[in-house]
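Engineer: Using the sequences provided together with the hints, build the complete structure.
Number of protein chains: 2
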Amino acid sequence: MSERIHAPSERTRVRRVPQRAAYDRPTIDAILDEALVCHVGFEGHGQPFVIPTTHVRIEDELYVHGSAASRMLEHGASGARLCITVTLVDGIVFARSAFHHSLNYRSVLILGEARAVSEPAEKLTVLAALVDRLSRGRSAEVRAPTEQELKATLVLALPLAEASAKVRTGGPIDDAADLSWPVWAGVVPLELRPLPALVAEPRALGREPPIVALRREPG
Amino acid sequence: MSERIHAPSERTRVRRVPQRAAYDRPTIDAILDEALVCHVGFEGHGQPFVIPTTHVRIEDELYVHGSAASRMLEHGASGARLCITVTLVDGIVFARSAFHHSLNYRSVLILGEARAVSEPAEKLTVLAALVDRLSRGRSAEVRAPTEQELKATLVLALPLAEASAKVRTGGPIDDAADLSWPVWAGVVPLELRPLPALVAEPRALGREPPIVALRREPG
Numbered sequence: 001m002s003e004r005i006h007a008p009s010e011r012t013r014v015r016r017v018p019q020r021a022a023y024d025r026p027t028i029d030a031i032l033d034e035a036l037v038c039h040v041g042f043e044g045h046g047q048p049f050v051i052p053t054t055h056v057r058i059e060d061e062l063y064v065h066g067s068a069a070s071r072m073l074e075h076g077a078s079g080a081r082l083c084i085t086v087t088l089v090d091g092i093v094f095a096r097s098a099f100h101h102s103l104n105y106r107s108v109l110i111l112g113e114a115r116a117v118s119e120p121a122e123k124l125t126v127l128a129a130l131v132d133r134l135s136r137g138r139s140a141e142v143r144a145p146t147e148q149e150l151k152a153t154l155v156l157a158l159p160l161a162e163a164s165a166k167v168r169t170g171g172p173i174d175d176a177a178d179l180s181w182p183v184w185a186g187v188v189p190l191e192l193r194p195l196p197a198l199v200a201e202p203r204a205l206g207r208e209p210p211i212v213a214l215r216r217e218p219g
Numbered sequence: 001m002s003e004r005i006h007a008p009s010e011r012t013r014v015r016r017v018p019q020r021a022a023y024d025r026p027t028i029d030a031i032l033d034e035a036l037v038c039h040v041g042f043e044g045h046g047q048p049f050v051i052p053t054t055h056v057r058i059e060d061e062l063y064v065h066g067s068a069a070s071r072m073l074e075h076g077a078s079g080a081r082l083c084i085t086v087t088l089v090d091g092i093v094f095a096r097s098a099f100h101h102s103l104n105y106r107s108v109l110i111l112g113e114a115r116a117v118s119e120p121a122e123k124l125t126v127l128a129a130l131v132d133r134l135s136r137g138r139s140a141e142v143r144a145p146t147e148q149e150l151k152a153t154l155v156l157a158l159p160l161a162e163a164s165a166k167v168r169t170g171g172p173i174d175d176a177a178d179l180s181w182p183v184w185a186g187v188v189p190l191e192l193r194p195l196p197a198l199v200a201e202p203r204a205l206g207r208e209p210p211i212v213a214l215r216r217e218p219g
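Protein chains in written order, with the working numbering: chain F, 1 to 219; chain Z, 1 to 219.
It is worth saying that the hints were derived from the structure and are not from the lab. On a predicted model such as this, the values are computed, not experimentally measured, just so you know. Accuracy of the hints is not assured; some may be wrong.
Just so you know, same-sequence chains aren't split out, so a pair can sit in one copy or run between any two.
Keeping only pairs whose Cα atoms sit at most 20 Å apart, straight-line, the calculated EDC-like set for lysine to aspartate or glutamate is [as the list claims (entries may be wrong)]: (1) K123 / E147; (2) K123 / E141; (3) K151 / D174.
Structural biologist: Here it is in structure tokens:
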């Protein structure tokens, strides 16, 4: 977490508990690549909105997509400033005092203006990556997007130029005077795991369910 | 999802795929009560921000808390309009076409202005609920907040008056022409589960780790 490739901007500089901050791309990329959803923040008519959606990172941009009729994508495509935040919850931290209870987490915050991806080849690359991100190689096996589906889909790219990560790991940080308090203290790690797959009818006989790409390493 | 206690406001009315919308409080409350984190959206100097934090619902309000020095809480306490969004990811939906891939999820979006909780008794109630939400009854076992800790903690309450839920469940919705495409289709449910607890030193001898209250029912 000490290797700084990106210098933080004044706006992405982590103000609270700055020792939890990271600005290096390997840390940022790993969080973005593991999370299944991001939260897109934008402002419309004086009201902030936060909309969850799927995403995929390709090199130095984070891509989101959806219906061309989506309010969120409409705003993003028109050059509005966005904030996209991704959060992974890794564990519950049980301290001796109520005050020091916490969560272990890894989060990334990206600020910037998105560009609408209009070139069909780039759009197809992003849509394939969104599928492959769920299960490697799957985009080549499924029915590819039609021209009509491409037209109905808006894709936005947000550069990672202004991004920061915040990470908490480890056990409770109790006050010295509380260490003998007679209560269990420690961490309960959390894991997001796939359960047995539920097949849709009609079945494609002889086909195996996809292997889900969850890269979570709980801690 | 058809029981409408709350009429949607124009701003919380779900525009995309409205059949996935719910405005009834039992649906909204269950999602808020299960999620460990929410994402708070606010606007500062022309830039939206989205900050993850823990929350607890008590009756008709959602409470968030943190350091009195937090940028997010500072904005919220000064009467800025907020959007708090909570998202649970329940499964990955694998369709026959790239286009119809999706996630099963449950999300809640709340709009409004928060009030700062200044009365010490209410503050203590909220802080206890934030701990008990992680493990039932724990707030009575841990060292209670001191006056100094209370002063250093800002608590905001956002009313649930303007809230909506959006829920996707079930399998892929493929085009009829794609049903014979030779690829596996269905749902891989996801579950957030606690792993074996990691005890902090020094140990409180004879104490058992807390039972974590994760109410997720994957589907």
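Engineer: Next step is simple, just say for each hint if it's right about the structure.
Structural biologist: These are the hints, each one checked on the structure:
Taking the shortest alpha-carbon separations for K123 and E147, only the intra-copy value of 11 Å comes in at or below 20 Å, while the best inter-copy value is 56 Å. In the homo-oligomer, the alpha carbons of K123 and E141 lie at most 20 Å apart inside one protomer (18 Å), although the nearest pairing across protomers, at 55 Å, exceeds that limit. Taking CA atoms no more than 20 Å apart as the test, K151 paired with D174 passes between copies only; the shortest distance there is 18 Å, against 55 Å inside one copy.
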